[in-house]
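*Asks:* Just so you know, the sequences run in chain order H and S. Just so we're aligned: 502 in our numbering is position 123 of the first sequence, and the numbers increase by one with no gaps anywhere. Just so we're aligned: 479 in our numbering is position 100 of the second sequence, and the numbers increase by one with no gaps anywhere.
No incorrect hints appear here.
Since copy identity is lost for identical chains, a pair holds within one copy or between any two.
Cross-link-like lysine-lysine pairs, in silico, DSBU-like; alpha carbons within 30 Å at most: (1) 503 / 381; (2) 454 / 783; (3) 754 / 508; (4) 406 / 441; (5) 476 / 381; (6) 754 / 503; (7) 630 / 384; (8) 630 / 381; (9) 754 / 800; (10) 503 / 384; (11) 754 / 540; (12) 812 / 800; (13) 508 / 381; (14) 630 / 454; (15) 476 / 664; (16) 454 / 779; (17) 381 / 441; (18) 476 / 503; (19) 540 / 812; (20) 626 / 454; (21) 384 / 626.
Quick caveat, the hints were computed from the structure, so don't treat them as lab data. A quick note: this is a predicted structure, and the numbers were derived from the prediction, not measured.
2 protein chains.
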Amino acid sequence: MKNRKIILNEEEIPTHWYNIVADMANKPLPPLHPGTREPIGPEALAPLFPMELIKQEVSAEKWIEIPEQVRDTYKIWRPTPMYRATALEAALDTPAKIYYKYEGVSPAGSHKPNTAVAQAYYNKQEGVKRITTETGAGQWGSALSFACNIFDIECEVYMVKISYHQKPYRKTLMNTWGAEVFASPTNRTEAGKKILAEDPDSPGSLGIAISEAIERAASDEHTKYALGSVLNHVLMHQTVIGQEAVKQMDKAGDLPDIVIAPFGGGSNFAGISFPFLRMNLEEGKNIRCIASEPSSCPKLTRGVFRYDFGDTVGMTPLLPMYTLGHNFVPAPIHAGGLRYHGAGVVVSQLLKDNLIEAVAHDQLECFEAGILFTKTEGIVPAPETTHAIATAIREANRCKEEGKAETILIHLCGHGYFDLKAYDDYLSGKLHKHEVTKEAIEASLAKLDTPIIE
Amino acid sequence: MKNRKIILNEEEIPTHWYNIVADMANKPLPPLHPGTREPIGPEALAPLFPMELIKQEVSAEKWIEIPEQVRDTYKIWRPTPMYRATALEAALDTPAKIYYKYEGVSPAGSHKPNTAVAQAYYNKQEGVKRITTETGAGQWGSALSFACNIFDIECEVYMVKISYHQKPYRKTLMNTWGAEVFASPTNRTEAGKKILAEDPDSPGSLGIAISEAIERAASDEHTKYALGSVLNHVLMHQTVIGQEAVKQMDKAGDLPDIVIAPFGGGSNFAGISFPFLRMNLEEGKNIRCIASEPSSCPKLTRGVFRYDFGDTVGMTPLLPMYTLGHNFVPAPIHAGGLRYHGAGVVVSQLLKDNLIEAVAHDQLECFEAGILFTKTEGIVPAPETTHAIATAIREANRCKEEGKAETILIHLCGHGYFDLKAYDDYLSGKLHKHEVTKEAIEASLAKLDTPIIE
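Start from the sequences and build out the full structure, keeping to the hints where you can.
*Replies:* Here you go:
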């Protein structure tokens, strides 16, 4: 009787975060000031982030030590288990070996606390009293609420109003950890007041919520802001996932041919894949790292590599990224965490340099994959997570056709216990395909007047 | 930096279930036929359960081997972690050492799959095509849906209609594993039709749902019935929890002075405590095992030890148990899993013999304990689970007063991700105390005409 899980001891929690920038031949291009369009330095970020995180954001160091208190907090859920998906393999009748690394065991139910805890720690070190953030579906807001509670920091979450009302339990989860959650737009900020004056019934958007959270942080010296993806320090914190996975694959006496993760802003994908990409860059290995995005928001597979804003209203620095244009409005798919117009800078550069791959899936294919996973492996994956499973199934089917016993590693980044409405909609036939037309992408990109990258 | 978790390898999953009856000086009294009131033998259970489970129900063997396929399925979530609750200890400023064993890592989110998987396995062995059951809050229905899916058995869940509508996500979770879920009362059974004829808008009850599930099983030779607590084979299957906990406490170099678990029908409490009670019975240890029940349904602390029916309509055999009377209707507290009028036979005998203890808590004290646990340890406990935490806090406070460094082990039997409505009600001040009057208990017991135990 074989083992299903490959587990590690707490002593095996990584001691350092891995900064892939140190190993990249082509370094990411600098961010530009939104007004002057000149390169900006780290000091421009000081009103929003504590200095230690800004240092990490621009660091060229390969390894950054994880503070003891952060590692101690990681022990609440880390090391996370890796599973061999024997039941899924059997259902697919594939010669491929499929493994998955499961981050849903964290109290917030996803990989997000890996960076939330680190960010809360550094804010606490620098005397910050309050952290603001935005949340859409609620995963990131939950993770930050959990982390701020541990380090005794006030947490203010601006939750997109329509989600606030559609997902009341995510709000309660944040409240349970002591966070204040506001349905954005609110009357607490100028940005929110302006929107409400124009449309008192505004359902809100991630762009508006970001504006509110940033305004609150920028206007109070004891308040900072936290972001759950896209930025390099966030991606770096997530590399504890991949470092554990490298050890676990080694314990299993195996090495993945393919590593697959869902793709929203990039932190999920970076977390599992960067430590394997390091083996490609350093040791000449040839591990394929595939980012799985929704076909309704296909920035990696159908976007352009260009400077663009990180938010939808054009307040942030201009970043060199794969983008569909910051005005692009993706269809309201249930995988809310993947509805972002752009991709993190580091991941974008890696894709530009052909060091990683990307594929897109329609939500119907994803939920079909999610149901198959639930019925074979028992765990209900988050809608975001089903994208990686869909890619893995495609690859496993290819292996079957080609008669190849390749090894596939899936990043099972979160559970779907808060997303059962989405499964209910799928099972009752209420979901549809969301193909984006060529014209819609062209129209969104045509509005961009941001710098082009040669 | 100390470890937070004490983890075991898959090889350390127990190989046998422990049957405490073998070690009891006073064996449980026999069940009686509901009509003749004469003792009945195992054959009376044959229409409802597979023979192997009936054998276990009446077994005098001390150890029953766990089939390899069941152990292999346990590996999806077992061994479960044990934690040292250092943050909770610090918040309480107690000299007591507090540990908890966490069963919420199972796919269904509680300890229930430990027996659901075993029951589904034996049903499959005996060619059963379909299993019926009832569910209130949904924990048991979820666990059986998960287990039936693994062994490719159809699963029919009769869910109390009011819960069906209040907790749609529990229903979807069961659907996701392929189970059929019906809002009980239904038109699928004579019992359901009868109720609907009298009251088309009946909100249902656990008693009605049991009647429907049993009727379906009794009327089809390929269909059996499964119960999630109370019966001895169910309690026995749960002893994997306590056996792991014994090993984990040993690894931690510690031994509990007190083991605490919530109490509904007894399987949760039995699961963690019986392997420690064995150390009392066999080795003369003196470990206090405390059952925590809601003060709104206080069968252990305020009920009588007497023969009573297992259901509310009087269809089941008469069982010797602590009971409030099978007509007792507990207040609609959120800890739905603890709203049961009676206690399992084996646990009742142990309490009668003063081998275990029982305490009761009001739901306000429980939710306060649940919030403190969430804010210190990070995990949101199920409302049922908060009862054990409330008892642990009382004991830890006593230790503080007495200056004693006792060791307390809590059974953290499930997470509360599906119960956030309850937390929301608590946080917004909507919950109230539910004291049961002496008169209400006396009135319920006065209706009993079942045999008295001398």
